[in-house]
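S.K.: Given the coordinates of chain A, assemble chain B with the ligands onto it according to the supplied hints.
Chains A and B, in that order, give the protein sequences.
Every letter in the first sequence is one number past the one before it in the numbering used here, and letter 196, counting from 1, is 212.
Every letter in the second sequence is one number past the one before it in the numbering used here, and letter 147, counting from 1, is 163.
Careful: at least some of the hints might be erroneous.
Unchecked claim - Facing chain B, according to a computed beta carbon distance under 10 Å, are these residues of chain A, among others:
1) Gly26
2) Pro42
3) Ala45
4) Ser71
5) Ser107
6) Leu112
7) Val147
8) Ala160
9) Glu267
10) Asp346
None of these hints come from the bench; they were simulated from the model.
No residue lacks a Cβ here, since even glycine has one placed at the ideal position from N, Cα and C.
Chain by chain, the residues:
2 protein chains.
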Amino acid sequence: RDEHVTLSHGSGGKATHNLIEGIFAPAFANTVLDRMEDAATITIGEQRLAFTTDSYVVNPLFFAGGDIGKLAVHGTINDLSMAGADPLYLSVGIILEEGFSMEQLKRIVDSMARAAHEAGVLIVTGDTKVVQRNKADGIFINTAGVGVVRATANVGQTQVQPGDRVLLSGAIGDHGVAIMMAREELDIETDVESDSAPLHTLVAALLDSIGTSLHCLKDPTRGGVATALNEIALGAEVSIALDEQSIPVHEGVRGACEILGLDPLTIANEGKLLAIVAPEVEQEALKVLRSHPLGREAMVIGTVQAEPAGMVFLRTDIGGTRVLDMLVGDPLPRIC
Amino acid sequence: RDEHVTLSHGSGGKATHNLIEGIFAPAFANTVLDRMEDAATITIGEQRLAFTTDSYVVNPLFFAGGDIGKLAVHGTINDLSMAGADPLYLSVGIILEEGFSMEQLKRIVDSMARAAHEAGVLIVTGDTKVVQRNKADGIFINTAGVGVVRATANVGQTQVQPGDRVLLSGAIGDHGVAIMMAREELDIETDVESDSAPLHTLVAALLDSIGTSLHCLKDPTRGGVATALNEIALGAEVSIALDEQSIPVHEGVRGACEILGLDPLTIANEGKLLAIVAPEVEQEALKVLRSHPLGREAMVIGTVQAEPAGMVFLRTDIGGTRVLDMLVGDPLPRIC
Ligand SMILES: Nc1ncnc2c1ncn2[C@@H]1O[C@H](COP(=O)(O)OP(=O)(O)OP(=O)(O)O)[C@@H](O)[C@H]1O
Ligand SMILES: Nc1ncnc2c1ncn2[C@@H]1O[C@H](COP(=O)(O)OP(=O)(O)OP(=O)(O)O)[C@@H](O)[C@H]1O
Ligand SMILES: [Mg+2]
Ligand SMILES: [Mg+2]
Ligand SMILES: [Mg+2]
Ligand SMILES: [Mg+2]
Ligand SMILES: [Mg+2]
Ligand SMILES: [Mg+2]
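For reference, chain A alone in the conformation it holds in the complex (with noise of 0.2 Å):
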């Protein structure tokens, strides 16, 4: 095991699974933790809540199609949603570092108003701390998240069966690619911007159509794709097949990947998700997220199947087949 934290740690790939099973998993080990969903989904009298966290320290703060604030609110109305919640209310813990400027904290915490706003979610409860200079980067914003599972929702890994279909919302790689863009020591041109959005309403428009034949939902942020979809396969014990042909990648985003050799299936987004649902209701699904704006690409990319438990297959555009690893290393620090 490593003796010091390093960037892979944080990359949301097989580093950090290897971190969060490693230790913290088993230290504060209890029957909703231990499920790895998106979101906690805890029991309260009657009600059934979700409850999540993101720490948000993307640098740079400001890139196209977003900000630090917005995608700290976003991301946790997102990992809500992935629970099949209605989110409500978010908390917002913010970690300063000394001399950062008063116009940017303004520009950010108008932007996390908007973004709160506009998804109809309450910032009730905060806390503000401020570090000496060089001590943090800029800022550091933590949101926590609140919600109402639906009462159609019945979703997590442990309802993916084999046979299910595998669909994405949409194309891959833009937030991670604008970050990139965003970052002074490239000097690609395109116009790709972040995806960031509130996936909640998207998500409901899902259950209400196929109820509980939406069997798992997953948000493929930090590692992308391919490791939200290994994670599923090793939380269900399935294996998962998908078909490169049909993932779909902005033009903008494909080039950028082929200068930086990288590969869009272990980009970060930040308003995709990945529904796994009833083969029966497939079609049904694909129609209901196209209708919606935030689905308007959707497509079927994959199957599940038994065997073999926790892999994940790509049959790529050529026509082989090859395994799809967990996000390994971390090429890009601090995506989100």
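M.R.: Below, chain B with the ligands alone, put in the same frame as chain A:
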């Protein structure tokens, strides 16, 4: 208004108050946040829930009586308790600096797990990010928490009435002085230990005994008792008169404060509460506090008055009266 963030904005005192009132509160405004209580009280279905968050950036990470992990669990339990809630579930968001020692991480995580277990709360969801060297300071921890407001609780700044009594559950300043002592630069010998402790059972005992005669609770963390009572005086639009002689301060804290020119009333605590109660239950409340291991040194320290609203006065040991302000500046940055 300041153009840049200063360490004072993180003191928990006047500058923090102004930053929150100037930037966060107006942007996020809603009827829940506007109450500016230690925890938000939200109603979901029939359930009255409490929801709160704090980030921890304490330096050093380990000190007499505790560490950042224990603090992060107790602090959020305590803010939930200040809403009259039984704490149930915590989230944990961890930001690590590249190169941080895995052995220290493990110690901190084990300390969090122990504190959560001892308090009967579950850590059900989390997040882990890593930033480059010199972009953080080892580890920052955010915890958010959800609890159920106890049936007999009706606490809040709006409940505070002229004539009410102010009780303090024990001696002040232990946490802040323990942190100071743990900083290498100081060379004073004391036996002061952080008072870090979970206050929910103390609150439960109070509520079981005096119910709605318990009007308001606040844990005097950053900014100490002076800041906490000023916040209540402002929020409740009352005046508070304190009797300095009645305020317990341990010998080691008094000595360290004298040497360093600090006022124990502005120093942080992590296991103390202020309770504002109806005058007729003063002695009953005091008895309940003193019967609990965490309230043995409890005292009645003051009285609520109608005028002048928003101000706190201190009758000093030598017989005079002075205005007791919120903490100004930040003599001890990163106390929690
Ligand atoms: N420090 C931690 N302690 C406890 N559980 C954790 C911790 N970090 C992550 N987890 C848990 O591990 C799982 C994966 O977390 P992760 O942060 O990768 O998910 P995510 O929020 O959906 O992804 P992202 O952070 O990229 O948006 C979740 O179930 C989460 O609750
Ligand atoms: N960034 C923020 N956005 C919104 N509200 C905030 C923010 N920071 C603090 N608040 C609110 O301001 C009030 C005071 O916050 P503060 O953090 O000082 O309270 P506390 O947690 O009880 O004290 P401490 O942080 O010292 O333990 C609370 O009602 C809190 O919800
Ligand atoms: Mg997620
Ligand atoms: Mg997330
Ligand atoms: Mg706080
Ligand atoms: Mg508090
Ligand atoms: Mg607090
Ligand atoms: Mg996360």
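S.K.: Classify the hint on alanine 160 of chain A as holds or violated, based on whether any CB of chain B lies nearer than 10 Å to its CB.
M.R.: Interface hint status for alanine 160 of chain A: holds (3 Å vs cutoff 10 Å).
S.K.: Given glycine 26 of chain A was flagged as interface, is its beta-carbon under 10 Å from a beta-carbon of chain B?
M.R.: holds, 3 Å
S.K.: Is the interface hint for alanine 45 of chain A satisfied, with its Cβ closer than 10 Å to some Cβ of chain B?
M.R.: Since the shortest Cβ distance to chain B is 8 Å, the answer is holds.
S.K.: Min Cβ distance, leucine 112 of chain A to chain B: is it shorter than 10 Å?
M.R.: Hint holds; leucine 112 of chain A Cβ to chain B Cβ min 5 Å, cut 10 Å.
S.K.: Report holds or violated for the interface hint on proline 42 of chain A, using the least CB-CB distance to chain B and a cut-off of 10 Å.
M.R.: With a closest approach of 9 Å, the proline 42 of chain A hint holds.
S.K.: Using 10 Å as the Cβ threshold, decide whether valine 147 of chain A counts as touching chain B.
M.R.: This hint holds: valine 147 of chain A lies near chain B, its Cβ roughly 5 Å from the closest one there, short of 10 Å.
S.K.: Given a cut of 10 Å on the nearest C-beta pair, is the interface hint for aspartate 346 of chain A held or broken against chain B?
M.R.: holds, 8 Å
S.K.: Regarding the hint that serine 107 of chain A lies at the interface with chain B, is the smallest CB-CB distance below 10 Å?
M.R.: holds, 4 Å
S.K.: Would you check whether glutamate 267 of chain A satisfies its interface hint, that is, whether its CB is within less than 10 Å of any CB in chain B?
M.R.: It is violated, given that the least Cβ distance between glutamate 267 of chain A and chain B is near 31 Å, above 10 Å.
S.K.: Is the shortest C-beta separation between serine 71 of chain A and chain B less than 10 Å?
M.R.: Because about 4 Å separates serine 71 of chain A from the closest Cβ in chain B, which is inside the 10 Å limit, the hint holds.
This entry does not satisfy hint 9, going by the numbered hints stated previously; all others are met.
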